[in-house]
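Trainee: Below are the chains, spelled out letter by letter.
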Amino acid sequence: MAGFNKVVNSYKEAMAGLVDGMTVISGGFGLCGIPENLIAEINRKGTKGLTLVSNNCGVDGFGLGVLLPNRQIKKIIASYVGENAEFERQMMSGELEVELTPQGTLAEKMRAGGAGIPAFFTATGVGTRVAEGKDERQFNGRGYILEEAITGDFAIVKAWKADTYGNLVFRKTARNFNPMAATAGKITVVEVEEIVEPGELDPDQIHIPGIYVNRLIQGSFEKRIEQRTTRPSGE
Amino acid sequence: MALSREQIAQRVAQELQDGYYVNLGIGIPTLVANFVPEGIEVMLQSENGLLGMGQFPTEDEIDADLINAGKQTVTMASGASIFDSAESFAMIRGGHVDLTVLGAFEVDVNGNIASYMIPGKLIKGMGGAMDLVAGAENIIVTMTHASKHGESKLLSNCSLPLTGKGCIQKVLTDLAFIEIKDGKFHLLERAPGVTVDDIIKLTAGELVVSENVPEMQF
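Same order as they appear, the protein sequences are chains A and B. Residues in the first sequence are numbered consecutively from 1, following my numbering. Residues in the second sequence are numbered consecutively from 1, following my numbering.
Some hints could be false.
What the hints assert, rightly or not - Some residues of chain B that are not near chain A, with every Cβ distance over 10 Å (derived):
| hint | residue |
| --- | --- |
| 1 | E6 |
| 2 | G27 |
| 3 | A33 |
| 4 | E47 |
| 5 | D65 |
| 6 | K71 |
| 7 | V74 |
| 8 | D84 |
| 9 | A86 |
| 10 | N112 |
| 11 | M117 |
| 12 | D197 |
To be verified - Each computed DSS-like pair below joins lysine-lysine, with the alpha-carbon atoms no more than 25 Å apart:
| hint | chain 1 | residue 1 | chain 2 | residue 2 |
| --- | --- | --- | --- | --- |
| 13 | B | K124 | A | K74 |
| 14 | B | K170 | A | K134 |
| 15 | A | K75 | B | K124 |
| 16 | B | K124 | A | K134 |
Derived from the structure by calculation, the hints contain no laboratory data. We treat Cβ as the ideally placed atom computed from N, Cα and C, and that holds for glycine.
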């Protein structure tokens with residue numbers, strides 16, 4: 001690794017240093033834009049006791065769902081977890097700790113974490129279970145709760161394209177949580193479909209600057225679709 | 001006759017105005033997109049990061065990188081934009097979405113809504129619903145008036161964990177269009193062929209009924 005070149009050559013190298021008990025933030029929404037090969041590497045390593053921060057937890061056998069059967073996840077912070085039978089079993093039996101967090105609050109927690117803001121006030125969740133144990137304050141006559149930022153020992157991210165310096169471009173709704181996740185990791189690892197030379201990406205079109213990125217790897221992706229909905233052609 | 005899912009969506013669609021940015025939840029709300037009145041342009045916001053959601057793709061157009069908040073493959077309408085989840089909820093929380101339509105298990109006379117979990121039974125999470133109800137000024141809740149067992153979903157007090165407190169003003173059920181204000185339900189319209197008595201029987205919370213309650217027009 002020289003200068004600003006963030007490229008690593010193996011998934012093993014990409015996830016080096018991840019040990020039991022760490023917090024990992026993952027990008028992705030459902031199965032869209034998930035760092036599927038980095039997740040598979042965590043599974044291969046067998047790291048345990050992880051706290052996962054991700055909007056969802058994959059499905060049985062794919063995405064973050066692959067980390068469930070051998071109990072690699074101790075706790076998950078997510079907004080929606082309904083697509084996964086093993087998840088439900090572990091949650092109901094108490095083997096897995098789940099902190100349900102509103103989707104916008106989760107995104108903002110990551111953004112704040114990456115931006116050096118320790119906490120923020122939001123009206124989301126006031127008067128609900130989400131507000132329990134949290135400071136509440138009035139601003140302009142309305143109640144808001146104090147939500148704390150999240151940072152991770154690792155962040156795992158899927159982008160579409162990068163240059164070797166780690167400047168990132170995302171594609172369509174595969175962007176979702178990935179940009180915020182990228183900013184919130186002590187070590188941010190990004191996998192992409194294509195790596196180009198510095199200068200080949202238009203600086204105006206870069207979604208996340210390379211300053212947030214520590215390791216970069218090019219992979220190939222299954223991109224499994226969760227709900228395949230179509231209309232007949234010719235309409 | 002109680003309204004069908006499509007008719008509920010159709011009645012909601014009458015509330016759309018030209019130039020509205022609209023967020024539609026999963027289920028009946030999604031169907032509203034099929035009934036946008038002629039001559040009116042709306043743009044659909046999908047909270048996973050898409051403003052200007054189009055119709056479902058043809059088999060050839062399917063793109064795994066382009067889905068809606070229900071994780072369904074979609075397309076982009078002309079003039080669409082893409083953004084990250086923080087930006088998406090900045091527009092929701094910041095009150096920039098003109099109309100939000102979402103489902104619920106229960107609502108009550110104080111405008112509370114419960115829609116995300118049934119303790120011990122169904123724990124899937126709130127997704128973006130808590131942000132949507134906290135951030136939007138203009139919300140329509142769509143749901144059936146009562147459960148299959150005839151238990152009212154319009155209550156004095158929600159019994160399930162809340163998604164939001166004091167944030168709902170309009171509810172469209174298969175029987176009625178109801179406004180919530182001053183700690184009471186107010187019957188605005190009834191479904192064609194449904195009597196005021198039918199509605200009173202299935203509304204557990206206090207319901208204010210005026211002398212003449214019009215039928216919904218389609």
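Trainee: Take the hints in turn and mark each one as holding or not.
Mentor: Status of the hints after comparison with the structure:
No beta-carbon of chain A comes within 10 Å of the beta-carbon of E6 of chain B; the shortest separation is about 17 Å. Against the 10 Å criterion, G27 of chain B stays outside the reach of chain A, whose nearest CB is about 13 Å from its own CB. At roughly 12 Å from the closest C-beta of chain A, the C-beta of A33 of chain B stays outside 10 Å, upholding its exclusion from the interface. Under the 10 Å C-beta cut-off, the non-interface status given to E47 of chain B relative to chain A is violated; the minimum distance is some 7 Å.
Its closest Cβ contact with chain A, about 4 Å, brings D65 of chain B to no more than 10 Å, contrary to its assignment away from the interface. Its closest Cβ contact with chain A, about 4 Å, brings K71 of chain B to no more than 10 Å, contrary to its assignment away from the interface. Listed as outside the interface, V74 of chain B is inconsistent with that label: its C-beta sits roughly 8 Å from the nearest C-beta of chain A, within the 10 Å cut-off. Not every CB of chain A is more than 10 Å from the CB of D84 of chain B (nearest about 4 Å), against its label as outside the interface.
Residue-level check failed: A86 of chain B sits 4 Å from the nearest beta carbon of chain A, not beyond 10 Å. Annotated as non-interface, N112 of chain B brings its C-beta within 10 Å of a C-beta of chain A; the closest such distance is 8 Å. Non-interface status of M117 of chain B relative to chain A is broken: a Cβ of that chain comes within 10 Å, the nearest being about 8 Å off. Every beta carbon of chain A lies more than 10 Å from that of D197 of chain B, the smallest distance being close to 34 Å; the non-interface claim holds.
As the CA atoms of K124 of chain B and K74 of chain A are separated by approximately 18 Å, the hinted pair is consistent with the 25 Å bound. Taken as a hint, the K170 of chain B and K134 of chain A pair is broken in the structure, with Cα atoms around 30 Å apart against an allowance of 25 Å. Straight-line distance between C-alpha atoms of K75 of chain A and K124 of chain B comes to about 15 Å, which keeps the hinted pair within the 25 Å bound. For the suggested pair K124 of chain B and K134 of chain A, the alpha carbons sit about 22 Å apart, so the restraint of at most 25 Å is met.
Checked against the numbered hints given earlier, this structure breaks hints 4, 5, 6, 7, 8, 9, 10, 11, 14; the rest are met.
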